[in-house]
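S.K.: What follows is the residue order along each chain.
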Amino acid sequence: MENGFIILFGLTMLYLAATSRIISHVRLLVAQGVLLFLICACHFEHQSALNITFLTIETLIVKTIVIPWFLFKVLKKTKANRDVSANIPHFYCLVTASIILLCGFLLPNHFFNSDTMKMISPIYFGVSLATIIISLWLITIKHKIISNVIEFITMENGIFLLSLSVAKEMPVLVNMGVLLDVFIAIYILGLFINEISKEFKDLEVSNLSDLKDYNND
Amino acid sequence: MINTILIFPILACILMALIKKRAFDCLMVNLYAVLHAISTILLAMGIGRDGNIPYFTVDNTNLIFLIILSLVFLMVAIYNNGYVKTLDYSDKKIGHYSFMTIIFVLAMTGTVLSSNLGIAWIFVEATTLSSAYLIYFNKTKHSIEAAWKYVFICSIGIALAFVGIIFLNIAQGNINTLDFAQLYKHANNFDTFWLKMSFVFMLFGFGTKMGLAPVHFWLPDAHSEAPSPISALLSATLLNSAFLVIVRVFKVLDIAQCDYWARIMLLICGFISLFVTAVFVYHIKNYKRMLAYSSIENMGILAIGTALGGAALYAVILHLIGHSLAKASFFLTSGNILELFGTKRIKSISGVIEADKKTGWLWVFSFLAICAFPTSVLFISEFLIVKSMIQNEHYILCALFVLLLTIILWGIAKVTIKMTFGKLSEDKTQIIKENKNKLKFCMFAPQFVMLLIVFVLGVYVPPFLNNIINCAMAGF
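Chains as they are written, first to last, in the numbering used here: chain A, 3 to 219; chain B, 1217 to 1692.
Derived from the structure by calculation, the hints contain no laboratory data.
Heads up, some of the hints might be wrong.
Derived CB-CB ranges, DEER-like [unchecked claim]: (1) 1527/B x 10/A: 51 to 61 Å; (2) 1589/B x 98/A: 30 to 40 Å; (3) 174/A x 1233/B: 27 to 37 Å; (4) 72/A x 1476/B: 43 to 53 Å; (5) 107/A x 1309/B: 45 to 55 Å; (6) 13/A x 1240/B: 50 to 60 Å; (7) 1309/B x 189/A: 42 to 52 Å; (8) 145/A x 1398/B: 30 to 40 Å; (9) 1676/B x 50/A: 41 to 51 Å; (10) 48/A x 1391/B: 43 to 53 Å; (11) 1262/B x 189/A: 53 to 63 Å; (12) 1612/B x 204/A: 47 to 57 Å; (13) 1630/B x 203/A: 51 to 61 Å; (14) 1305/B x 79/A: 24 to 34 Å.
Pulled a few chain A residues facing chain B out of the computed Cβ check, cut under 8 Å [to be verified]: (15) 47; (16) 122; (17) 125; (18) 154; (19) 157; (20) 164; (21) 180; (22) 186; (23) 198; (24) 210; (25) 216.
Simulated pairs of lysine-lysine, DSBU-like, Cα-Cα distance not exceeding 30 Å [stated by the list, open to error]: (26) 1309/B x 81/A; (27) 203/A x 1357/B; (28) 200/A x 1560/B.
Here a beta-carbon is modelled for each residue, glycine too, at the ideal position from N, C-alpha and C.
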């Protein structure tokens, strides 16, 4: 059951790589939030009440509701729709993302032979690393500023999954701080998107390349 | 005392939000700076270290970082009093500026004082978020570009550092801790493969914040677009606090005896930083960007010194002090020049000395301090690093080091001389005369004090400071 959810989580990244409509990317973030909640829920019997509360708030409320809602609002305000002009056609995006995900499934099995690593589940580890790498790679090829923010969030989701894969827990204080920081970061990035859309006529990354040293003036 | 430094700013911010008076906002920044300095002096004397709140501590390693932060903040706060008067923004905006400055310094203090890697991570990210507004303060197209790059690149970097923390957790086996003291205690039992992996991620993660090449891209943009007092804080204190976290993690690897790997990584990053600076300073067009690149260079020197270890560590700490003070002074003086000439382009500036004697000479002496002209303390530190390289028989590295530093020196010297001396163009004389009246006494005094310290430390290191430095070396 748990593995099924993790594989579904991995597949959402392929969807992200293959589609261009930003609104469906935001919907995908909702799906990822729900999946992360379900993955957490498989472990609830082993955890303290405090941790359960925290994980529920983090996944169900922040990741599934608050952040996507905020992004929907930004989308409405800036009227951004499609990220059509990615550097690489979507088909190749899909192929590359699939290869990374496949490596994520296969490679950890070779890594986890030593005894100390028994506490980590290879599938968790592989999928979360693949998610992080796919997100970073997508950030480099997408042209819309808002897509970059969405991929930043999927990267954070991947890191969240990775931290779940370590059987040991971080202190709740650290977890809360991390959540708060990430949330504020996304909030600030969202505000900046609004400012950028006021300042420039479209939300292309290429608008933000004026500051450099070797220009021709 | 630790409580005072960490809780006062929160109270101050609440009060500022309630009162909303320009004079009160400025007063709070000054009050925090003074309280910060007093608390730091008491902590350095060993008073009030007990009864700490959990997760925060003052130990031998972070004391020197705290002292630098305190001193630079005090100087910047003094400068700020004059700087705020030159701005013609609304009271509300100045209020936001003061508010975010206090939060920014609080976040840096939190990073420096934290005794737990997780908490340090949280505060490093908090520095990014609080300074984003300050970089965007002028609300121009360029400042939004700089702020966007800053938040985005640093957030990704810090996220990768978190992956490093998770790997560190994996490396620990059955132990589950992020407390630095506990990490040092158990470091011998850690899995070396995962420890090395975690260091790679943390070096690049926190290195992004520290401004080490090749992950420095946000730095020149952010430093050049921020208001000058904020540039000074960014360069002289923010980069240090990220460096402290790297040093702490490096120590874990040192104890676990897989530090060879870490040293190589630091050395490579250090030399790439020097190389990047040498390439870009050669053709620089904007003097604030030049100072930003010089920060990258100095962070590279710190990384190289840390990698060499041994006697070079003394040099690293001296360099840390010298660079922070000299660079803060350089940035603050660049604020004066920007005020006088109204441009950041090197091409349109000449004859700073003719325009304003004090600014001109501060500019020259800041330059002499940063390029390690004796008796600047940076001369001693760079000399010790070169000596350490020769003693360890790294002759090629030594030659490369000296060569790159010379190119950088030439690049910076060319710009400084061009700007300082020469003839002031006729059409600007009138505007400059008007602008000159805006420069108050408090916009010169801090630089003078900092430069004085830099040049005196090159000849005489007082015994108490020597003691603190020697204690701090144990933490590297």
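S.K.: Hint by hint, say whether it matches the structure.
M.R.: Do the hints match the structure? See the list:
For the pair residue 1527/B and residue 10/A, the beta carbons lie near 56 Å from each other, so the given range of 51 to 61 Å is met. Range check, residue 1589/B to residue 98/A: Cβ separation about 52 Å, and the 30 to 40 Å hint is violated. A C-beta distance of roughly 28 Å is found between residue 174/A and residue 1233/B, which places it inside the suggested range of 27 to 37 Å. Range check, residue 72/A to residue 1476/B: about 46 Å between beta-carbon atoms, so the 43 to 53 Å window is met.
About 52 Å separates the C-beta atoms of residue 107/A and residue 1309/B, a value consistent with the hinted range of 45 to 55 Å. Evaluation of the 50 to 60 Å hint for residue 13/A and residue 1240/B yields a pass: the beta carbon distance comes to about 56 Å. Distance hint check for residue 1309/B and residue 189/A: the Cβ-Cβ separation is about 20 Å, which falls outside the suggested range of 42 to 52 Å. With their beta carbons about 46 Å apart, residue 145/A and residue 1398/B fall outside the hinted range of 30 to 40 Å.
Judged by the Cβ atoms, the range 41 to 51 Å given for residue 1676/B and residue 50/A is violated: they are separated by roughly 57 Å. Residue 48/A and residue 1391/B have their C-beta atoms about 19 Å apart, which leaves the hinted 43 to 53 Å range violated. Our hint of 53 to 63 Å for residue 1262/B and residue 189/A is violated, since their Cβ atoms are close to 42 Å apart. Hint check: residue 1612/B to residue 204/A, Cβ distance near 50 Å, so the stated range 47 to 57 Å holds.
Separated by about 39 Å at the C-beta atoms, residue 1630/B and residue 203/A break the suggested range of 51 to 61 Å. A beta carbon spacing of about 25 Å between residue 1305/B and residue 79/A agrees with the range 24 to 34 Å that was offered as a hint. About 20 Å separates the beta-carbon of residue 47/A from the nearest beta-carbon of chain B, more than 8 Å, and the hint is not met. Hint status for residue 122/A: holds, given a least beta-carbon distance of 6 Å to chain B, under 8 Å.
With a cut of 8 Å, the hint placing residue 125/A at the interface with chain B is violated, because the nearest CB-to-CB distance is about 15 Å. Satisfaction of the interface hint for residue 154/A is found here, the shortest Cβ-Cβ separation to chain B being roughly 7 Å, below the 8 Å cut-off. With a least beta-carbon distance of about 6 Å to chain B, the hint placing residue 157/A at the interface is held under the 8 Å criterion. Given the 8 Å rule on beta carbons, the hint for residue 164/A holds: about 5 Å separates it from the nearest Cβ of chain B.
Checking residue 180/A against chain B: minimum C-beta separation of about 7 Å stays under 8 Å; hint holds. For residue 186/A, the suggested interface contact is upheld, since its CB lies about 5 Å from the closest CB of chain B, less than 8 Å. Interface restraint check: residue 198/A against chain B, minimum CB-CB distance 6 Å, threshold 8 Å, status holds. Given the 8 Å rule on beta carbons, the hint for residue 210/A holds: about 4 Å separates it from the nearest Cβ of chain B.
Using the Cβ-Cβ criterion of 8 Å, the hint placing residue 216/A at the interface with chain B is satisfied: the shortest such distance is roughly 6 Å. The suggested pairing of residue 1309/B with residue 81/A holds, with an alpha-carbon distance near 29 Å, which does not exceed 30 Å. A hinted pair counts as satisfied when its Cα atoms are at most 30 Å apart, and residue 203/A with residue 1357/B qualifies at roughly 12 Å. Note on residue 200/A and residue 1560/B: the hinted pairing holds, with a Cα-Cα distance of about 25 Å set against a maximum of 30 Å.
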